[in-house]
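A.B. asks: As given, the protein sequences belong to chains A and B, one line each in that order. So the first sequence is residues 2 to 461, counted in the working numbering. So the second sequence is residues 74 to 343, counted in the working numbering.
No wet-lab data here; the hints were simulated from the structure. Keep in mind that a hint or two might mislead.
For lysine to aspartate or glutamate, the following EDC-like pairs were computed, each having C-alpha atoms within a straight-line distance of at most 16 Å [said to hold, decoys possible]: (1) K99(B) to E9(A); (2) K168(B) to D40(A); (3) K335(A) to D376(A); (4) K184(A) to D77(A); (5) K116(B) to D145(B); (6) K117(B) to D304(B); (7) K168(B) to E224(B); (8) K117(B) to D199(B); (9) K368(A) to E9(A); (10) K184(A) to D216(A); (11) K441(A) to D161(A); (12) K4(A) to D304(B); (13) K4(A) to E224(B); (14) K99(B) to D388(A); (15) K214(A) to D243(A); (16) K368(A) to D161(A); (17) K314(B) to E300(B); (18) K226(B) to E435(A).
Between beta-carbon pairs, the in silico distance windows are [stated by the list, open to error]: (19) L328(B) to Q396(A): 47 to 53 Å; (20) E432(A) to L311(B): 35 to 41 Å; (21) K312(B) to S26(A): 58 to 64 Å; (22) E400(A) to N143(B): 34 to 40 Å.
Sample of chain B residues facing chain A (criterion: CB under 8 Å; computed from the structure) [unchecked claim]: (23) A172; (24) L177; (25) L179.
Beta carbons: idealized from backbone N, C-alpha and C, even for Gly.
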Amino acid sequence: MTKFSTLENFGHSLRVQSYLIQPRSADEIYEAFRLAKRDGLTVTARGAGRSYNDAAMNGGGLVLDLSAMNQISEWDPATGQVRCEAGVTLRQLWQRVLPDGWWPPVVSGTMTTTLGGCLAANIHGKNNFRMGTIGEHVTAFTAILPTGAEVTCTPKKNADLFYAMIGGYGMLGVFTSISLQMKRMHSGLLEVHAWPTRTLAEQLQSLEDGAPKFDYIVGWLDCITVGHGQIHAANYLHEGEDPDAQKTMQLDYQSLPSRMFGVMPKSLLHFFMSPFMNNFGTWGVNTAKYIASLRRHVFRQSHAAFHFLLDYVPSWELSYGRAGLIQYQSFLPKETALQAWTEILTLAKKRGLPSYLGVTKRHRPDKFLLTHAVDGFSLAMDFKITDANRTRLHQLTQEFDRIVLDAGGRFYFAKNSETTAETARAFYGEETVERFKRLKKRCDPNGLLESDLYRRIFVS
Amino acid sequence: MNLQTHLEKDEMTSSLTPSTPLQPRKRAILVGASTGLGAALAKKLARHGWTLALLSRRSAVLADLCAGLNADGVTRALAYEHDVMNYAEVPALLKRIVADLGGLDLFIFNSGINLPPGLEKMNATDDIQMIATNLSGAIAWLAPVGDLMKESKSGMIVGISSVAGDRGRIANPGYNTSKAGMTTYLEALRNRLTRHGVHVLTVKPGFIATDMLRSSAGPKPFTITPERAADDIYKAILKRKQTFYTHPIWKWIMLAIQHVPSVIFRRLSF
Chain A
2 MTKFSTLENF
12 GHSLRVQSYL
22 IQPRSADEIY
32 EAFRLAKRDG
42 LTVTARGAGR
52 SYNDAAMNGG
62 GLVLDLSAMN
72 QISEWDPATG
82 QVRCEAGVTL
92 RQLWQRVLPD
102 GWWPPVVSGT
112 MTTTLGGCLA
122 ANIHGKNNFR
132 MGTIGEHVTA
142 FTAILPTGAE
152 VTCTPKKNAD
162 LFYAMIGGYG
172 MLGVFTSISL
182 QMKRMHSGLL
192 EVHAWPTRTL
202 AEQLQSLEDG
212 APKFDYIVGW
222 LDCITVGHGQ
232 IHAANYLHEG
242 EDPDAQKTMQ
252 LDYQSLPSRM
262 FGVMPKSLLH
272 FFMSPFMNNF
282 GTWGVNTAKY
292 IASLRRHVFR
302 QSHAAFHFLL
312 DYVPSWELSY
322 GRAGLIQYQS
332 FLPKETALQA
342 WTEILTLAKK
352 RGLPSYLGVT
362 KRHRPDKFLL
372 THAVDGFSLA
382 MDFKITDANR
392 TRLHQLTQEF
402 DRIVLDAGGR
412 FYFAKNSETT
422 AETARAFYGE
432 ETVERFKRLK
442 KRCDPNGLLE
452 SDLYRRIFVS
Chain B
74 MNLQTHLEKD
84 EMTSSLTPST
94 PLQPRKRAIL
104 VGASTGLGAA
114 LAKKLARHGW
124 TLALLSRRSA
134 VLADLCAGLN
144 ADGVTRALAY
154 EHDVMNYAEV
164 PALLKRIVAD
174 LGGLDLFIFN
184 SGINLPPGLE
194 KMNATDDIQM
204 IATNLSGAIA
214 WLAPVGDLMK
224 ESKSGMIVGI
234 SSVAGDRGRI
244 ANPGYNTSKA
254 GMTTYLEALR
264 NRLTRHGVHV
274 LTVKPGFIAT
284 DMLRSSAGPK
294 PFTITPERAA
304 DDIYKAILKR
314 KQTFYTHPIW
324 KWIMLAIQHV
334 PSVIFRRLSF
């Protein structure tokens with residue numbers, strides 16, 4: 002049963018109608034491919050719809066909502082091996098494994114994402130410099146191709162597909178079963194160190210110097226003053242460091258508070274944030290935040306609270322207003338990062354379009370075909386969209402793209418929404434794009450798997 | 074059917090500029106697009122960044138219009154040859170167009186013919202022909218489009234009806250009936266769909282300087298250009314009006330005419 006439905010992205014910045022199907026088995030996925038072929042439609046797989054751009058959108062085509070295929074098929078607390086269907090969310094996963102003393106090795110900033118989506122985008126976390134992307138912890142996956150063929154891939158078997166489908170944005174096949182190795186935990190808490198940074202240079206230096214010493218490191222950057230910031234770095238607790246380990250690893254201990262000050266439901270918080278979502282308001286908030294961050298401190302925090310910042314304020318995206326937001330993330334080699342981002346941040350400020358949230362991370366390269374990673378850093382910036390700033394903001398992103406390309410940088414397509422096919426080809430490289438297209442031809446000879454993202458960066 | 078059937082599917086979709094958060098492209102279907110008000114609406118929508126599917130049975134004229142709209146190398150309009158009396162092909166064609174456009178935000182039905190019978194004798198053939206085109210043709214599209222938009226809880230339907238539907242006059246019973254039927258059908262559709270987040274706009278043009286107008290006799294007060302009408306209709310779309318007269322003075326004229334008692338109205342010569 003298909004239902005013509007209006008779907009949105011995570012940034013509430015795109016809204017388009019598609020024929021939505023909710024398959025419950027590999028057979029039903031194949032059935033959807035046959036239906037699409039008969040009707041001349043294209044197909045896109047969608048997990049939780051948490052991409053900021055058009056990765057899980059397919060206007061006028063078929064969208065497979067995989068959220069009903071959400072069984073954790075096997076979990077072995079002795080080895081930390083888990084096998085899941087593609088619609089299993091990170092929330093389901095960590096809640097299943099943590100009480101047994103394990104944690105997913107790589108998580109996104111929200112726990113609502115599905116594993117299928119995480120693999121399709123090959124997500125990274127605040128530990129990318131140490132643990133790589135989620136794909137590096139996949140021991141095997143099964144996917145169904147548009148031809149109806151079922152393929153099982155491991156880093157050894159069907160390796161070309163393994164390294165192309167992970168990070169392939171669902172353009173080669175649809176994941177049905179995913180096996181992952183979890184990481185052993187000795188506590189439900191992390192030891193978090195927080196300290197301020199006064200300039201971008203200092204922040205990047207902190208990430209660089211801090212990375213070898215910590216399991217996680219992430220920076221907050223005030224893009225309005227261009228430079229003020231704060232680093233949060235965290236370490237796992239070793240065996241014996243948490244006397245109440247058994248207790249802290251229980252779910253009760255991990256739950257995010259649903260109310261502020263014990264009274265106000267956090268689900269209302271975004272209403273109170275939206276008045277500050279302008280240049281002046283954000284300057285005020287950022288300055289207050291920076292002043293609060295001047296105190297260096299060390300504290301213990303639950304995994305859920307440290308990792309899932311985006312879930313801490315439910316529906317925070319709505320505070321950006323009716324037209325939503327875009328996220329612009331660039332990945333730059335450590336040699337060029339400071340100069341390029343200084344240029345980018347200055348340009349944004351000059352144009353009167355500063356980002357309201359900047360987040361920096363440390364990265365390492367990986368072997369995946371459509372990789373976004375570099376030996377360097379990433380800076381993710383959120384921009385509020387208004388009817389008045391659309392054209393200027395678009396212009397700005399195109400100027401950013403030029404600066405990033407010139408600095409040898411890369412982009413990540415769970416985020417960037419304005420990157421053109423020309424820019425994508427430039428940073429992936431001609432050879433990579435051709436290799437990907439050859440695999441595409443092999444897996445999907447009739448060109449059934451297409452998302453709006455695919456058409457934007459590989460076709461137009 | 075589709076004028077671009079000679080193109081590969083890939084080439085066709087690739088020709089449309091992708092819609093991004095900062096360069097959003099809304100999608101519209103315009104039935105009856107080749108000349109007159111339809112062509113003016115197509116140009117107006119294209120100028121405002123819409124992506125269009127234009128339908129008409131006059132494929133050569135349509136192809137010229139599309140070529141003009143896409144002249145600078147940006148594809149804004151796709152052309153589809155379609156006779157609105159070919160009711161049976163509508164559902165499949167609709168699905169096809171929605172896929173080609175990549176969604177559907179606005180549907181405009183503008184097809185219509187006007188065959189005045191003269192005052193001497195009635196002309197059942199022409200009257201039935203007008204019902205078949207203006208009314209049945211509209212219903213064949215409005216019903217499936219309405220269902221589709223209802224499912225997705227989004228979108229807007231615009232029906233180009235006419236002031237002629239507000240009263241039955243001696244000069245043109247068939248045309249009056251077809252437009253009265255269309256106005257009523259649109260009203261019913263509005264009542265069905267508003268609760269599902271779908272907006273329905275009934276446009277009632279007076280005289281617009283098009284080929285259709287040249288074929289009818291009599292005085293033509295407040296005649297406006299198709300471009301002026303298209304500008305006004307676009308504003309009404311943005312303002313989400315329910316019923317809209319163009320030229321706006323017709324709202325008052327028709328209010329008066331609607332209230333002329335039959336005892337007088339049946340003796341008038343218009």
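A.B. asks: Hint check: K116(B) vs D145(B), CA-CA at most 16 Å. Holds or violated?
C.D. replies: Judged against 16 Å, a Cα distance of about 14 Å means the pair holds.
A.B. asks: With a cut-off of 16 Å on the C-alpha distance, tell me whether K368(A) and E9(A) pass.
C.D. replies: Judged against 16 Å, a Cα distance of about 31 Å means the pair is violated.
A.B. asks: Just to be careful, I want the Cα atoms of K335(A) and D376(A) compared with a cutoff of 16 Å; is the pair within it?
C.D. replies: holds, 6 Å
A.B. asks: Between K314(B) and E300(B), is the straight-line Cα distance small enough, at 16 Å or below?
C.D. replies: Roughly 19 Å between the alpha carbons, so the hint for K314(B) and E300(B) is violated.
A.B. asks: Hey, K117(B) versus D304(B), does the alpha-carbon distance stay inside 16 Å?
C.D. replies: Holds, at about 7 Å.
A.B. asks: Going straight from one Cα to the other, do K4(A) and D304(B) come out at no more than 16 Å?
C.D. replies: violated, 35 Å
A.B. asks: For the pair we were handed, K184(A) and D77(A), check the Cα-Cα distance against 16 Å.
C.D. replies: holds, 12 Å
A.B. asks: If you draw a straight line from the CA of K184(A) to the CA of D216(A), is it 16 Å or shorter?
C.D. replies: holds, 12 Å
A.B. asks: Verify the proposed pairing of K214(A) with D243(A), using a straight-line Cα cut of 16 Å.
C.D. replies: violated, 20 Å
A.B. asks: Regarding the pair K117(B) and D199(B), is the alpha-carbon distance no greater than 16 Å?
C.D. replies: violated, 32 Å
A.B. asks: Can you verify the interface hint for A172(B): is its Cβ closer than 8 Å to any Cβ in chain A?
C.D. replies: This interface hint holds because 4 Å falls under the 8 Å limit.
A.B. asks: Quick one: are E432(A) and L311(B) within 35 to 41 Å, going by C-beta?
C.D. replies: Between E432(A) and L311(B), where Cβ atoms are some 48 Å apart, the hint is violated.
In summary, the structure is inconsistent with hints 8, 9, 12, 15, 17, 18, 20, 21, 22 and 25 from the numbered list given earlier, while agreeing with the others.
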